[in-house]
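Sequence order for the protein chains is A and B.
Note that our numbering numbers the first sequence so that position 145 is 145, with each residue one more than the last.
Note that our numbering numbers the second sequence so that position 484 is 484, with each residue one more than the last.
Treat the hints with care, since some could be wrong.
[Said to hold, decoys possible] Computed footprint of chain B on chain A; a stretch qualifies when at least three of its residues, placed anywhere within it, have a C-beta under 8 Å from a C-beta of chain B:
#, stretch
1, 11-19
2, 28-41
3, 85-92
4, 163-177
5, 327-334
[As the list claims (entries may be wrong)] Restraint ranges, calculated between C-beta atoms of paired labels, are given here:
#, chain 1, residue 1, chain 2, residue 2, range
6, B, Ser-520, A, Gly-200, 34 to 42 Å
7, B, Arg-369, A, Lys-54, 38 to 46 Å
8, B, Ala-34, A, Arg-16, 54 to 62 Å
9, A, Ala-284, B, Ile-417, 27 to 35 Å
10, A, Lys-54, B, Pro-277, 45 to 53 Å
What the hints contain is simulated information worked out from the structure, not anything from laboratory work.
All values derive from a computational prediction rather than experimental measurement.
Cβ coordinates follow ideal geometry from the N, Cα and C atoms, glycine included.
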Amino acid sequence: MKPRALGLIARRTGRRFLSSVPALVGVVVFTFILMRVLPGDPAVFFASGPNAGKAEIEAIRSQMGLDKPMAEQLFYYVRDIGTGNLGRSLTTGQTVSKDLASRLPASLELTFVALALALTLAIPLGVLAALRPGSLVDHGVRLLCTLGVCVPTFVSGLLLIYCFYYWLGIAPDPTGRLDVFTTEPPRITGFLLIDALAAGDWEAWSAAARQLVLPAATMALFVLAPLARITRASMLAVLGSDYIRTAEGLGLSRPRIIIGYALRNGLLPVLTIAGIVFSTMLGANVLVEKVFSWPGVAAYALDALLSSDYAPVQGFVLLMATIFVIVNLTIDVLYGIADPRIGME
Amino acid sequence: MLFSRRQIAFLAAGLLASVSFLANPAAVTAQTRAETLRQVTGGMINTLDPTAPGSTRESFGLSMSTYDRLFAFDRKKNGDGWIFDFNSIRGELAESYKISEDGLKIIVTLRKDATFHDGSPVTADDVKWSLDRAVTAKSLAGPQLTTGSLDKADQFKVIDPLTIEISLPKPDRLAMPNLAVVYPIIINSKVAKQHATPEDPWAQAWLKENTAGSGAYIVESWKPGEQVVLKRNENWKSGREGKLAFFKRVIAQTIPEAATRANLVERGDADISVDLPSSDVPGLMERGKVKVVSTPQFNALTLIVFATRIPPFDNKKVRQAIAAALPYGDMFKGALFGRGNPLQNGTWNGEPSEAKFPQNMPVKTDLARAKQLLTEAGYPNGFETTFSFNVGSAATAEPMAALIKESLLKVGVKVDIQKQPDAQMSTSVTEKKLPFFTESIISWIAAPDYYFRNFFTGEQRWNYSSWNNPDINSLSQAARFETNQAKYDEIIKKMVAIEADETPVVLLWQPNQDAVMAPSIEDYTYQFHRQVDFRDMLRK
Chain A
1 MKPRALGLIA
11 RRTGRRFLSS
21 VPALVGVVVF
31 TFILMRVLPG
41 DPAVFFASGP
51 NAGKAEIEAI
61 RSQMGLDKPM
71 AEQLFYYVRD
81 IGTGNLGRSL
91 TTGQTVSKDL
101 ASRLPASLEL
111 TFVALALALT
121 LAIPLGVLAA
131 LRPGSLVDHG
141 VRLLCTLGVC
151 VPTFVSGLLL
161 IYCFYYWLGI
171 APDPTGRLDV
181 FTTEPPRITG
191 FLLIDALAAG
201 DWEAWSAAAR
211 QLVLPAATMA
221 LFVLAPLARI
231 TRASMLAVLG
241 SDYIRTAEGL
251 GLSRPRIIIG
261 YALRNGLLPV
271 LTIAGIVFST
281 MLGANVLVEK
291 VFSWPGVAAY
301 ALDALLSSDY
311 APVQGFVLLM
321 ATIFVIVNLT
331 IDVLYGIADP
341 RIGME
Chain B
1 MLFSRRQIAF
11 LAAGLLASVS
21 FLANPAAVTA
31 QTRAETLRQV
41 TGGMINTLDP
51 TAPGSTRESF
61 GLSMSTYDRL
71 FAFDRKKNGD
81 GWIFDFNSIR
91 GELAESYKIS
101 EDGLKIIVTL
111 RKDATFHDGS
121 PVTADDVKWS
131 LDRAVTAKSL
141 AGPQLTTGSL
151 DKADQFKVID
161 PLTIEISLPK
171 PDRLAMPNLA
181 VVYPIIINSK
191 VAKQHATPED
201 PWAQAWLKEN
211 TAGSGAYIVE
221 SWKPGEQVVL
231 KRNENWKSGR
241 EGKLAFFKRV
251 IAQTIPEAAT
261 RANLVERGDA
271 DISVDLPSSD
281 VPGLMERGKV
291 KVVSTPQFNA
301 LTLIVFATRI
311 PPFDNKKVRQ
321 AIAAALPYGD
331 MFKGALFGRG
341 NPLQNGTWNG
351 EPSEAKFPQN
361 MPVKTDLARA
371 KQLLTEAGYP
381 NGFETTFSFN
391 VGSAATAEPM
401 AALIKESLLK
411 VGVKVDIQKQ
421 PDAQMSTSVT
431 EKKLPFFTES
441 IISWIAAPDY
451 YFRNFFTGEQ
461 RWNYSSWNNP
471 DINSLSQAAR
481 FETNQAKYDE
491 IIKKMVAIEA
501 DETPVVLLWQ
511 PNQDAVMAPS
521 IEDYTYQFHR
531 QVDFRDMLRK
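This is chain A alone, in the form it adopts within the complex (with noise of 0.2 Å):
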């Protein structure tokens, strides 16, 4: 690619990034006004010791600095943010950003081996059905999807956990991103399988890629219509045009033309349905996370919900509003890869 090329993307990335400011701004603002608008008075839920009376409460509000008129908490919180300070949460009695950071990895890790698997199955599958509409293939890649799409995650994954861990003890207990009796590998990116590789520690390596296989198979399951779908849909388009029929006319080899050319030309779709995808794979994890007890952010969120714990529930949305933002400048630059037409715009 040319270096003006290049600089394009990098000035139209610059100019979304700036552009999508204030959406997050608006982001921060709405969480915050929501979580106080929603019933449940979090001094109240946090001060349930026995014999918690008033003064206890109180003493906890004002902890909490939720005795203060809402516009000062806003501004309060806002100026925090400013410092990269995401306030405390309350029930697991850390700071949210240190919970986050160290919770991030573990989602990512997951969701980012999922979507992997998922792709990796999803493409090839919706080039066969694409090749032979209508066949038995393409009947049976739909069955597939529309079983994956139709049972909800905890389903799939105490039936993956029931068969795998319980009945045939192939898989590792389901308890979270390393059995009990292994050594983490030091941290460096928090990705276990990253971590350990450059801690040379195999068994370390091969504990986390056995946690990890029946989750992201959860998900990927799960994930695996949409890509499927919207990979068969694009190519089906993309064979009935003319460019396909000239590569025919010429006499390409077959191959050739389904990865070389028609392939390429119908991954653009798949790339923006993939975006979505793992955003909405990260947050909505959550019932994976539950039950294969993944120490990840979404389950955080969830608990801090439930206990009307501000803090990390704002935390959460403003960081997922980022790496939702993230990721569509990401999916854009890839655009721009694929398609050198975007890039000149």
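Here the structure of chain A is known, so what remains is to put chain B in place on it, guided by the hints.
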């Protein structure tokens, strides 16, 4: 691409290592596995200091093993298992104690050989600092210890390095038990003071994340909300008969999904779980791979609450009518799967024969009587109301609510069921806005007068029914300082009789705690804090 010889050797070694690991992962750990106890729980440990506001029950349970207190409740046999004995208190860090004739002074002699985890001896100064902290610092401890007349620092006096004197304004029956509950932990004051600041004189911030105790176990690692690993304190002297804890290592892990917890215990990968839903327990027992120790929770109680200040429940007859219309048998079977101790069908009238609370109350399902009482109360055609419960207790409360709705409809009362998130429910309960709901009470101090004072008087959240009965108010206060057992019993019987007649709440049952464990685990003890006490158990 070509690999160098070194790369190939490296790859092969890695492959070999992972293959051998996959083939026999247990071999590495088998030796220590028997000496390790692995507990799985749905809750989480969020602080190492049990007095910190917001502490979870699991944090309470953990602190029993990491810290010692002056006293501890003994245990007694209950069927095949053990339960804590509220009426028998033994010294933990206290080697012996004397109570003065007038009951106003408790003189405690400490163990000579007790040491903190850093090796320094436990002295009377540490005890004084710790108890001062418990009653002075803003924490959960203060309000609890007040119920035992312990609320000022000058009540604790150091006599000599091994003797401490505790003085009371009145001979309070509950002073000793209060020194044996979760909160009055004895902290290594020398260590804690190093981390105290002018804003935080009691080192509360530091102790939330660190321990400085003398307990049976030392915290090896702690990931908040995920797991804690403990190692045995080999110098522990405060145990029953001076014995060390059995397990060399304890892992307490948070596993949110109950089905997964059950699987883990059944597969033998985890050793114990005490928070599986009662609906799962019969299946687990049938498959027979695990041992289940079921204990009715003697210090817990499920209630149906009437708001005695909101119409129509301000009318005693309405409360009695609803109490007679509740489908007790169906609820016990349908919602609790019969796993507990029901509290109806008491055979007494007027005053009970036993000075006990909770006990079986003289209520039973009697729709004709309910109908008649409603007519007398001026509601011959019934009324409409709401029935609330929190999401956290939905497993039993949801079927219960459905059965109540069905049964009350037969006497003309239309019930709208409201399921509320826990935080919302506790707010509504504290603000006393709900007319008719179910709640549970748990009391570390299993004394009848304590129940009445905390759950049936006053304006705080725990007086769920907002009951304000002048007789109960004065009797429950009188009972607290009554040293004559016969007189005490009389007061309790009187209070139970008033409760039965006025019906501010209906006592439903004491649910079982089903501790599901590996068959090799012995001596599980049901403790007042309802958590696993790692010090009690052993592996056969």
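Hint check:
Interface restraint, the stretch 11-19 of chain A with chain B: violated (0 residues with C-beta to C-beta distance below 8 Å; minimum three). Counting residues of the stretch 28-41 of chain A whose C-beta sits closer than 8 Å to any C-beta of chain B gives 4, which meets the bar of three, so the coverage hint holds. Here's how the stretch 85-92 of chain A fares: 3 of its residues keep a CB closer than 8 Å to some CB of chain B, so the rule of at least three is met and the hint holds. Judged by the Cβ-Cβ criterion of 8 Å, the stretch 163-177 of chain A is covered by chain B as claimed, because 8 of its residues qualify and three suffice.
For the stretch 327-334 of chain A, the proposed coverage by chain B is not satisfied: 0 residues have a C-beta within less than 8 Å of a C-beta in that chain, short of the threshold of three. Distance hint for B:Ser-520 and A:Gly-200: a CB-CB separation of about 37 Å, consistent with the stated range 34 to 42 Å. A C-beta distance of roughly 39 Å is found between B:Arg-369 and A:Lys-54, which places it inside the suggested range of 38 to 46 Å. About 59 Å separates the C-beta atoms of B:Ala-34 and A:Arg-16, a value consistent with the hinted range of 54 to 62 Å.
One distance hint, 27 to 35 Å for the beta-carbon pair A:Ala-284 and B:Ile-417, holds here, with the actual separation near 29 Å. Range check, A:Lys-54 to B:Pro-277: about 34 Å between beta-carbon atoms, so the 45 to 53 Å window is missed.
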